[in-house]
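Visitor: Sequence:
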Amino acid sequence: MTMDRPRVSVVMPAFNRADYVAEALRSLQTEPGIDAEILVVDDGSTDGCDAVVAAIAAADPRVRLIRQDHRGVSAARNAGLAAATGEFLTFLDSDDVSAPGRILRQVTKLAARPDIAAVVGQRIYFNDMTADFQPREGSLWEQKLDICLASAVFRRSTFERFGGFDEALTYGEDIDFYFRLFEADSRFIIEIDTAIYYRRHAGNMTNDRDAMHRACLKAYHNSMLRRRATGRTRRLDVFFFRQFDRETEFGGCQETPAPAAATFNS
Numbered sequence: 001m002t003m004d005r006p007r008v009s010v011v012m013p014a015f016n017r018a019d020y021v022a023e024a025l026r027s028l029q030t031e032p033g034i035d036a037e038i039l040v041v042d043d044g045s046t047d048g049c050d051a052v053v054a055a056i057a058a059a060d061p062r063v064r065l066i067r068q069d070h071r072g073v074s075a076a077r078n079a080g081l082a083a084a085t086g087e088f089l090t091f092l093d094s095d096d097v098s099a100p101g102r103i104l105r106q107v108t109k110l111a112a113r114p115d116i117a118a119v120v121g122q123r124i125y126f127n128d129m130t131a132d133f134q135p136r137e138g139s140l141w142e143q144k145l146d147i148c149l150a151s152a153v154f155r156r157s158t159f160e161r162f163g164g165f166d167e168a169l170t171y172g173e174d175i176d177f178y179f180r181l182f183e184a185d186s187r188f189i190i191e192i193d194t195a196i197y198y199r200r201h202a203g204n205m206t207n208d209r210d211a212m213h214r215a216c217l218k219a220y221h222n223s224m225l226r227r228r229a230t231g232r233t234r235r236l237d238v239f240f241f242r243q244f245d246r247e248t249e250f251g252g253c254q255e256t257p258a259p260a261a262a263t264f265n266s
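Quick note on numbering: the UniProt record's numbering labels position 4 of the sequence shown as 4, and the sequence is numbered without any gaps.
Because the hints were derived from the structure by calculation, they are not lab data.
Each hint should be verified, as a subset may be incorrect.
As the list claims (entries may be wrong) - Here are the simulated DMTMM-like pairs of lysine to aspartate or glutamate, each with C-alpha atoms no more than 20 Å apart in a straight line:
| # | residue 1 | residue 2 |
| --- | --- | --- |
| 1 | K218 | E142 |
| 2 | K144 | D69 |
| 3 | K109 | E23 |
| 4 | K144 | E37 |
Stated by the list, open to error - Quick list of the computed label-pair ranges, beta carbon to beta carbon:
| # | residue 1 | residue 2 | range |
| --- | --- | --- | --- |
| 5 | R246 | D208 | 12 to 20 Å |
| 6 | P135 | T85 | 17 to 25 Å |
| 7 | R232 | A51 | 26 to 34 Å |
| 8 | D35 | A58 | 15 to 23 Å |
| 9 | P135 | K109 | 38 to 46 Å |
| 10 | R246 | A51 | 39 to 47 Å |
| 11 | D128 | R67 | 26 to 34 Å |
Note that this is a predicted model, so its numbers are computed, not measured.
Even for Gly, the Cβ is constructed at its ideal location relative to N, Cα and C.
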């Protein structure tokens, strides 16, 4: 790996996204300036999603298809993490679009700052946009800084330190992972630049509000238990849903031992 072309692994969990996965992959294939490894973990799709990815992978050696039985998004992400070889890691869901140039931009900032755990950008919610990343008239277009793995770039060593994703969580595995970083007072660079475009459609997992809320509460509960076990009494300071008008360094600056790395299994 050289910083002229940093080695970046992109993990993409995919389940029944045959209609969208090719566009998601195109947004990564056109990313400039990086040595990309795109790991698509098909989580037991039944709509031909794996065949779409296989055809793309046959023409592009950067794309690798990993098939598994349907075990959920956390297990799919963990399978991608286990196969990743890049020094840097990021994610993209198979129905979303990575903003042009965002990976190299974020990796460059992260590589220059060994004290920073991740570089996190903004997420734009959309349901219809043009080829030049503009909203079509009358369509959804909303920018948020929220709980999202795909809007950030991490070092692979961060997952070696903090562990992967809790496969017992059907939702909220991203919150649980971020909480482990917050519990160790990790520092972040918060960008005002767009990192990903999040597609809203009828098949979004987050449409099941009750299941999402239950899983989020479970992630909060897990964090409370970990903090009690380590004797931490200070509240967590999180960046979720805050407003920033300029690029900002965010988070604790004191050294705090990380929780033991864990391998989660269902």
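Visitor: Can you name, in rising order, the numbers of the hints this structure does not satisfy?
Guide: Checked against the structure, the hints that fail are numbers 1, 2, 3, 4, 5, 6, 7 and 9, while the rest are satisfied.
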